[in-house]
Structures are given as C-alpha cells and as structure tokens.
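*Asks:* One letter stands for each residue in the lines below.
There are 2 protein chains.
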Amino acid sequence: MSKNDEKINFKPPSGFDIEFLPAEKRLEQFLIDTMRRVFEQYGFTPIETPAVERLEVLQAKGNQGDNIIYSINPIVAEDGDKDSDRRGLKFDQTVPLAAYIARHLNDLTFPFARYQMDMVFRGERAKKGRYRQFRQCDIDVVGRGKLSLLYDAQIPAIIAQIFDDIKIGKFLIRINNRKVLTGFFQAIAITPDQIRTCLKVVDMLDKIGEAKVKLELEKQGISATQAQEIIGFTQIKGDTDSILDQLAQTSQALGNPTDFEQGISELKTVIAGVIALGVAADKFCIDLAIARGLEYYTGTVYETTLIGYESLGSICSGGRYEELVGMFVGEKMPGVGISIGLTRLLRQLMDAKVLKPLAPSPAQVMVLNLQPELIDTYLQVSQTLRQAGINVFTGFESRPIGKQFQLADKLGIPLCVIIGEAEIANKTCGLKNLQTGTQIAIALDDLVTELLAEIAIKH
Amino acid sequence: MSKNDEKINFKPPSGFDIEFLPAEKRLEQFLIDTMRRVFEQYGFTPIETPAVERLEVLQAKGNQGDNIIYSINPIVAEDGDKDSDRRGLKFDQTVPLAAYIARHLNDLTFPFARYQMDMVFRGERAKKGRYRQFRQCDIDVVGRGKLSLLYDAQIPAIIAQIFDDIKIGKFLIRINNRKVLTGFFQAIAITPDQIRTCLKVVDMLDKIGEAKVKLELEKQGISATQAQEIIGFTQIKGDTDSILDQLAQTSQALGNPTDFEQGISELKTVIAGVIALGVAADKFCIDLAIARGLEYYTGTVYETTLIGYESLGSICSGGRYEELVGMFVGEKMPGVGISIGLTRLLRQLMDAKVLKPLAPSPAQVMVLNLQPELIDTYLQVSQTLRQAGINVFTGFESRPIGKQFQLADKLGIPLCVIIGEAEIANKTCGLKNLQTGTQIAIALDDLVTELLAEIAIKH
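Protein chains in written order, with this note's numbering: chain R, 4 to 462; chain G, 4 to 462.
Think of the hints as simulated: they come from the structure by calculation, not from any bench. A few of these clues could be false.
The list cannot tell twin chains apart, which means a pair is met if one copy fits it or any two copies do.
Cut-off 25 Å, straight-line C-alpha distance, at most; resulting in silico cross-link-like pairs (DSS-like, lysine-lysine) [said to hold, decoys possible]:
{"#": "1", "residue 1": "K240", "residue 2": "K173"}
{"#": "2", "residue 1": "K173", "residue 2": "K217"}
{"#": "3", "residue 1": "K149", "residue 2": "K413"}
{"#": "4", "residue 1": "K203", "residue 2": "K430"}
{"#": "5", "residue 1": "K14", "residue 2": "K64"}
{"#": "6", "residue 1": "K286", "residue 2": "K217"}
{"#": "7", "residue 1": "K359", "residue 2": "K170"}
{"#": "8", "residue 1": "K203", "residue 2": "K64"}
{"#": "9", "residue 1": "K406", "residue 2": "K149"}
{"#": "10", "residue 1": "K406", "residue 2": "K335"}
{"#": "11", "residue 1": "K356", "residue 2": "K130"}
{"#": "12", "residue 1": "K413", "residue 2": "K335"}
{"#": "13", "residue 1": "K14", "residue 2": "K335"}
{"#": "14", "residue 1": "K271", "residue 2": "K215"}
{"#": "15", "residue 1": "K10", "residue 2": "K64"}
{"#": "16", "residue 1": "K335", "residue 2": "K10"}
{"#": "17", "residue 1": "K335", "residue 2": "K64"}
{"#": "18", "residue 1": "K10", "residue 2": "K359"}
{"#": "19", "residue 1": "K271", "residue 2": "K240"}
{"#": "20", "residue 1": "K210", "residue 2": "K356"}
Quick caveat, the model's predicted, so the values are computed rather than measured.
Start from the sequences and build out the full structure, keeping to the hints where you can.
*Replies:* As structure tokens, then:
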C-alpha cells in the first residue's frame, strides 16, 4: 500500500521509543489521573506551555541547556519565517514556568500553585532508559517576594498521597535543608567557593559511598579532618525529633552560627507541618545526606526512595529555590516544587513488576453479536448501559461465539452480554463472566443493576 | 535576576502562542475529560505516539507534509547522532497511527479502536487563529481486511454525546458517503480523472456558494448541464427517509448504477445504525453537499456545524478510508474516524462566548489563616476535608481576613472556612459563601457534610 516500493523504516528515531501499548498507556493515564486528583486537592491548578520557546528563553538559566536543546526548522524553508534558528524545544518545565509567569504576570494570582504534566525534549546521547522525549510532571508554588515554609511542608504530604494511591509499595521521603548543610560547612571553615563542590560531592553519597566521597572531598582541597566531619554529619541518624536534637547540640557546640541556625529552624518548621498534615512517620525522615545536585535550591530539598528498589534512584525530587522563576520579570519569586520523570519511571516500575499494565480496553462489558438481524437490540442495549456510565464494546462483526469470547478476553473485557432470539422472546439475557467462567440468565430490565454490582465488586 | 543584562524576549515564537490561562486550561481539561469519558464508553483505548518520527514515515503519505514538517536538530551537534536530519515533528495523528500499528502489529487486537489527544506541529505560515502547535483529538477504529459499517454509525452518536455533555449549544452532524457522490458523478458521465476535481469543488459549496461552484466546475471542463445536475444533486433536501427515497428514485432513473447503489446502501445502513443508537433526529442529517477535501476518504464522511456559528466551519470532521493506516504493513486496513482540532476550536468557542473559562483554581474551599498559632488546626481540618474528596487551598500567609477573602475570590474559590480561638473553644467554625455573601456558624464535626452538600448544589 505504500507509495514507495522501498521498505520504510517505521521505528521511532533513537531515544524516541517512548510509546506505550494500550494496556501500559492506560496505566500511565491512571498515574496521571491520580497525580492530578491529589494536586488539585491541594489547590494546584493545571497549566501547559508550548513545546517550543525562543532560544534566548531556553538559555536564560545559563549554559545548562545548550547541550540538550533541539532547534526546530521547516524542512522546506519558508520565506519570512523570522523565528528560524531562534526556536528550540523545551528541556524542562521550570524555564517555561518562569516564561509563563512573565507572560501572564497580571492575570495570575499569587501564591501561584500550578501543576504541569506535558512532554519535554532533551538532545542527549541516547542510551538505555534515557529518553530524548519524556513526560515531566512538576508542581510548584511560587510567591511574590515571600512564600510560607508551610508550602514546603505540603510537598511530602502530596508525594505520600500519590504513591499510596497508586499502590507503589513502601517508600521513604527524605527531607533536608540546603542551609543546614551549607551552614554546617561554613561553621567548620569550608571556604565559600568550596561549598558548591561539597554539595555536589555529598550528593553522590548514595551512588559512590562514604570512602569515595571522602577521597573526592580531599581531592577538592578539603582537609581530611573536615572531610571526616562532613561524612560524620551526613550520617547522623534517628527519628526526626532525635535528629533535630542532635542538630541543636551540634549548633550549640559550634557557637550557634546564624546560617546553620536558620537552616535548622526552617527544617523544624517544615517537619512540624508534615506531622500536622498527618503523614505517617514511616513515610518520611530527615536525611542530612540529601544535597541535590542542582545549583538553584536554597532551602528544603526532597528525594524519595522506593524501598527494595533503591537502584532506581530518587523517584520524586525537588526543593525550595529563590531566584529561578522570577528571572524574566526581575522580581524575587521564591518557590518550592517537585518533579517526576514519568515516562522513565513508569517503564522502570513496569520492568521491575512494581506496577502492572491495566486491561488493553477500557470497556467493562462486551455486547455480543449473535444474530446480525438483532443488531438494533444490541445497539439499544449498549446505549442503555452507557447511559448508566458503563463502558461498552459492541461486537459488530459476525463471528462464532467462541471467537467473540476470545476477542473480549484479549481486550481484557471481563463481562459479556449474550442476547439471541430466545432471550428476546422472554426479555432476558445471558451474562457471562470470563474471569470466573460462570454464566447466568437475568431479566433484561435487571441488566444495568447487575452489571453495576459486578463492576463495583471488581473495584 | 537574569544572568544577562539585556532584556530577554519571553514571548512564545510566532504561531506557538497557544497557552491558556489557568481558568482556560481547566476548561480545556474539562473538554478533554469529557471526550475521554465518551470515547471510553464506546471502548476506545488511549494511545500516545512520540512527537518525533523519521522523515520517511512523515512523508510516506505523499508530498502532503513537506511544506509543514519541522525537522529537529541539537543546537550543539552531537557526534554519532545518526538520526540528525532524518527526524521531524508529527503534523497529524493519522500517519503516526499507521506507524504505531506497524510497530505493534502483533500486540494489538483488531478491530483496534483508539483515541489520541496529544500535540501536533505544522510549519505553516503563521496567521491569526492558525497555530504551529495544537492539540489534535482523533478517534479511529481500524480493522484488518474488513470493518463493519456500524462503526461508522457509532461516530455520530459519539460526537452528539460529547457536544451535549460540554453544553456547546445546538449543532448538526452532516453525514454523506463519498460513493454516493462519485457514483452519481460516474452515472452522469463525469470522466474518472474529473471526479477528484468535482469532489474538491463540491467541498467548497459552503464557502463560495452555488454560483461560484458552478463556474469552477465549468472551468474544470465539466459541461454546464453536468454542473447544474451536480449542484441540483447536492441540494436535495429533506429528512433522512425522504433523502434516501429521493436517492433511490435518482438511482432508478439512472439505471441503478453499481457504485451509486453501493453508496446509497452504505449510507442507509449507517443512518439506520445512528437511529438505533438513539441520536436525536435534530442532531444529524444527510447532507449530499458534504465531500471532504482529503483524498483518502472512500465512504462515509462527516462534518459538524455549530448552529448560529456557521462561520467557524466544521468543528468535528472525518470519515471512512481504506488504504491509509495499513500503509507500513502492506495490508488492507479499513478505518473510520474523526478529528477535533481542540486548541483552535476552544480559543474560537471562548472568543465567541459559547464556552466560558472555569474558576482559576480547582480548590472548592479555602481554609483561612486567622491566627498563625492555630496553623496545626488549619492543616488538620484541611486534611480531613481532602480525605472526603474536597479540594482545599489552605491560607498560609498571615493577612487581614478581607485580603484572604479577596484571594479566595480571585482564585474562584466559593467557600471559606473560618476558625479562630473562639471557634476552637466551642468546636465550631464559620463557613462563608463568597457568592451569596452569607456566613453561618456550624459544628466542626458537621463541616464535611455541610461542604459536600454545598458543593453538590453547585454542580
């Protein structure tokens, strides 16, 4: 059927093999719906920004994006397309959020709590598990000038609710505060220009372990004693009360240095909020080893570990920042947010069998076509069920009943409605449950009630 | 705060100014949710394909896409990126559907009924109301070898349900069959190579009117008598029974030509199905002037007119095709589907005030912050409401109560919960309805029940 005789390579380009089978896509949709529901329960509102922004916008955060930005151009150049060579595909949701806020500053209400779950694009070297397009789910609350720390406290409650609702298994939200780390570093005489390096090296603790982190710190000019103090500090363990106590003692021992005290105070406020919001104690902790690699975090930072699947790394991370989303309006706009790289995470969770694809079809019932002359009845019964909120696939092709059951089974449709001439005559129908193999005869008038009950049982 | 001192132009590039304000985006989300619900009620399953495909895939349908395809390339070229210059952004959902089917042929079940609602990209000249990126919502059912005409009959039922549910006002789904037109053209001795031209010219009837269509047909070498016959044919009016009768008479007068008879028979089957599915008679009609410009339609075709807003053109169109989605597997895969260009349609419907944006925030209740020392109570009450399924925005910044009401009002949150020391003491709270201006005092234990009732009233 192809117009060319040569065989066309219909595979996605390298790094763009992101599409899901229907059963997998329905699982992704369930995750997206769950996130949306929880985000909206906390008052976050949806936005979506174009995939394409000006290069000067994409590059505004510094050189971070240059290696990963795709430019777009018509394959047949168009006269007068002034934006050629000055456009690129967005590589995260943060720069576009900053642009969105600048574009609509007077139409937005602050604090502005938004979620965004569309696609981003990264021209990185393709390798297994790294995609060049993926769905990036972000929430952020942004204030003008100031933003209460209680927004930081809401974040773990939101993460916990989502992961509970999607039944992901046991997880642990690890909370820290950048000022606690940098305040401590200052207090033990780490020089200002070494602090950024220390954060980056500490961030690798999970991956490379204590011994290598110590070596790495020393390589960066940190003394062996300081490196040991840093390692010791990040390894402080205990429940939140105990860690906050140990921090208070450490601070006292160091002469209550201002920045360190500030970090401890913020952390305390956030943890108190998380507790007041009712997040179970086994779902979050203070982890002084959490640093986050990204430069822009200034306060609270989060990572989330899936227990038993630590090798996946953090499945949901984020933090508080001061100078990011106000960049285009030249205003101080503190924010706090988190990010989930959904495409990759979902593929990993399915590969690890943590989550299973749903049924390929959303239909809950199939109305079989046994006698083509009864098609009007099949259509009318199907509509009655749909009006009751039931998803119905009507069989149209005339096939043997066994083939029709097979089709329902392949589509993952659990229930089949069977109507032939005999059933029409006495106003009944057969209802077959493909999972139990049982078939019952019921009055046609009772079909909706019976199906709603069957579907409710399955949920 | 920008790293550069020069002012950055943060506007979207030309043609990409597609983003909605939160209140508008929430309306779009409502439309998407409504479509999804209806699509799934008919057993359509979601898929999503990458934004990027190989150029050979995008160009497989002929040269149609060449003027509108964007290629993508990293702004910093990467060694070994073999796909450079061979990738482009998808410009519709049909070619990607064909590629998806080829990629997953053995994992899909046929008839394959899918919906898809993601973004497509077109490098067309930018002008008002034409976007270079937009959300394209498509459904298609695809068979292997054959596909029942009853799938064609389901389409108007789906369109009607969606437009009813989004309360778009009065609309008319206009149904025709390409074979009726081409069969009639053949029968009046239009030559095979003129038939395609005739379809394209007839498709312009709505836009340019009878007189110009007649002139245009004559310009294409159609005789004045034939042109008059064509115009006369497309103007046959009446209810579906009457038009089908007139078609039967016309056919008889022409000696019952095979192709024409085939078209009439298909149209009759489809209309009978639409009626059996319970679509109200004032919501659909046979319109013999509907031709659809696209070449690939071979049978049923649809357009939808919003009554009173005819200048918007068809708001939902589609049809039956034979040779489109099987092109990469070299199989006959007949399909039938429709398409809604949502981004443009929604902007038009809002501009025409047919649809109004929702509230900017999804929160239904705001819990005010009157005394910062009561914050634990505010957090706990907020969580109790969320557990009951209510969307809650908790006020964190300490502001005068008037300012907090203002904030709720700007966010479109209709209800405020007011708790101070007095309320804590007697276990009550104030509940203010910002729309009616009334405030009542109720027991804290009754808050969930009262709010659920208030919210139910509003729906």
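*Asks:* Need the list of violated hint numbers for this structure, in ascending order.
*Replies:* 2, 4, 6, 14 and 18
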